[in-house]
Amino acid sequence: MDASIPFRPAAAELDRALVIRNLRKEYRAGQPVLKDVSLTVEARGMTAIIGPSGTGKSTLIRCINRLIDPTSGEIIFRGQDLARLHGRELRIARRRMGMVFQEYNLVERLSVIENVLCGRLGYVPVWRAWLRRFPAQDIDRAFHLLDAVGLGELATHRADQLSGGQRQRVGIARALMQEPDLLLADEPTSSLDPKTSAEIMELIARRAGERDIPVIVNIHNVELARRFADRIVGMSRGEIVFDGPPRALEDARLLQIYGGEGWLE
Amino acid sequence: MITTAAPADAPLRHWQRFTVRQRIMRSGFYIGALIALVWSLRSIEIIPEFLYDAPQQTVDLFARMWPIDWAWYPKVVHGALIETLHTATLGTILAVAMASPVALMVARNITRSVILSSIGRFILVATRSVHAMIWALFFVAVFGPGTLAGTMAIAMHSIGFMGKFLSEAIEEAKPGPIDALIATGASPLAVLLKGYWPQVKPAFLSISMFRWDINVRESAVLGLVGGGGLGMALDTALSNLYWDEAGLVLLVIFIVVMIAEVVTAWARARII
Chain A
1 MDASIPFRPA
11 AAELDRALVI
21 RNLRKEYRAG
31 QPVLKDVSLT
41 VEARGMTAII
51 GPSGTGKSTL
61 IRCINRLIDP
71 TSGEIIFRGQ
81 DLARLHGREL
91 RIARRRMGMV
101 FQEYNLVERL
111 SVIENVLCGR
121 LGYVPVWRAW
131 LRRFPAQDID
141 RAFHLLDAVG
151 LGELATHRAD
161 QLSGGQRQRV
171 GIARALMQEP
181 DLLLADEPTS
191 SLDPKTSAEI
201 MELIARRAGE
211 RDIPVIVNIH
221 NVELARRFAD
231 RIVGMSRGEI
241 VFDGPPRALE
251 DARLLQIYGG
261 EGWLE
Chain B
1001 MITTAAPADA
1011 PLRHWQRFTV
1021 RQRIMRSGFY
1031 IGALIALVWS
1041 LRSIEIIPEF
1051 LYDAPQQTVD
1061 LFARMWPIDW
1071 AWYPKVVHGA
1081 LIETLHTATL
1091 GTILAVAMAS
1101 PVALMVARNI
1111 TRSVILSSIG
1121 RFILVATRSV
1131 HAMIWALFFV
1141 AVFGPGTLAG
1151 TMAIAMHSIG
1161 FMGKFLSEAI
1171 EEAKPGPIDA
1181 LIATGASPLA
1191 VLLKGYWPQV
1201 KPAFLSISMF
1211 RWDINVRESA
1221 VLGLVGGGGL
1231 GMALDTALSN
1241 LYWDEAGLVL
1251 LVIFIVVMIA
1261 EVVTAWARAR
1271 II
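These protein sequence lines are chains A and B, in that order. In terms of our numbering, the first sequence opens at residue 1 and continues consecutively. In terms of our numbering, the second sequence opens at residue 1001 and continues consecutively.
Hints listed in this document are in silico derivations from the structure and should not be mistaken for laboratory results. Be aware that a few hints might be false.
[Stated by the list, open to error] Just the calculated beta-carbon pair ranges, DEER-fashion:
1) Arg1108(B) x Glu26(A): 37 to 43 Å
2) Arg1026(B) x Gly54(A): 47 to 53 Å
3) Glu26(A) x Lys1174(B): 24 to 30 Å
4) Asp160(A) x Phe1029(B): 40 to 46 Å
5) Asp147(A) x Val1257(B): 50 to 56 Å
6) Glu1168(B) x Gly209(A): 41 to 47 Å
Note that beta-carbon positions come from the ideal geometry of N, C-alpha and C, so glycine has one too.
Make the full structure from the sequences, and use the hints.
The structure is reproduced here in structure tokens:
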């Protein structure tokens, strides 16, 4: 850690915060992608993780909901160490964490509304999902969420008929459908054009903000990170090299995160 | 400044498509293929006398079949035809039911256990390597001659084919949506139903119909060994030397296979 502005969550909020301690991930033994990362994210606002490609941002965020199993370390959230959960306990923890993906990851041959309802798969019995008998209040909420992301008209369209920006809106609605305590977003704008990217970030910030859901977003667009995040974490080669508010992110810091020179003009 | 011309004193650089090793391998392959051809021609022992009058024999055979005995259709062939179609359909349905769990066992993205997938692979290879005719002989011995033996033969022989293609379809499912559903806290069964099944469904239907098409052809001849259907009618006609009746059965098989082909091609195009 360097001399950037230190981040200290209020003691009262610590028990709701996400606390990562010494998180390490080695895909190949002896070659860590994450080198004992420690990070505390308080339960509000948007935290953006920036850094060059292949630096472990995606691995970090996927360790939190255990799409990737960490090699060692702790991930404490709501009194549980997520790194040690298995089976049913892990699924129950996962359903309180929404995730938005770079490639949207919708089930393309299902309708938009059914993709949103997939956010309830952790809650409803399998037979209900199979027979498409979702509880009435879930269906109603799915329609509300589609309205909230601006896709109310497209509920019955098939997901593969949508544009990239529209698909990502469905992805956001699906994540919110989980009623999450935490929203993870892994490069949510990297497959979108600049205008749509800003709209999607705006949507995530607004919809999560009004529901008081903390957001952790991986993003390599520094401008978008500055504009929407309350806190920026810079990663380089599997380590955190910057942690502070957007205004503290000076050019010197960017060079430290991304390396090299000249590209900043 | 960038220049495309090489410096005058630089040696010419060579490029060859294959390395020496690759060229030796390729020559070896062609020589091997030639040896195999000569060897097989020698071992099938063509008798020239039989070859010379083959055209006459063929013409003679067709002459005996003509005119085709249409009166025989309502008496025997229609019932046999329906039997054949039912054998193919029921056999395919049974094969789908038996091949699906095996496909799940074999698909690498579903089953991590090496033991389970080895068992699955063994089932696929074992069922497919035994021809439908051999399966029919086996089931005729078990159940006696008739459509039950034919249906079971079709079902057993189809497991290998269907299981292999189904497992490949499952393996081709995109991992992204699967990750997304796992991330919502969905159980493995829910992920299978909502993540894999929608992705696999078109291939699943397409493979089933393709196999049904093949099974119509196979069940049409299973009767030769006692599996019921058109083959049984053909066998009877041939052993009685009723060539006009045999001609009718062959024509019916041809027409049915054509129709099955057209129907499945149309339906598969609609699905994909």
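Check your understanding: Regarding glutamate 26(A) and lysine 1174(B), is the given constraint of 24 to 30 Å on their beta-carbon distance met?
Key -> holds, 27 Å
Exercise for review: Starting from the hint 47 to 53 Å, judge whether the C-beta atoms of arginine 1026(B) and glycine 54(A) obey it.
Suggested key: violated, 40 Å
Check your understanding: Falls inside 37 to 43 Å, the C-beta gap from arginine 1108(B) to glutamate 26(A)?
Key -> violated, 23 Å
Review point. Are aspartate 147(A) and valine 1257(B) spaced within 50 to 56 Å by their CB atoms?
Key: Holds - the Cβ-Cβ distance for aspartate 147(A) and valine 1257(B), about 54 Å, lies within 50 to 56 Å.
Practice item. Given the range 40 to 46 Å, decide if the beta-carbon distance of aspartate 160(A) to phenylalanine 1029(B) lies inside it. Key: holds, 44 Å
Exercise for review: Kindly confirm whether 41 to 47 Å is satisfied by the beta carbon distance between glutamate 1168(B) and glycine 209(A).
Suggested key: holds, 45 Å
Comparing the model with each earlier hint shows violations of hints 1 and 2; every other hint is respected.
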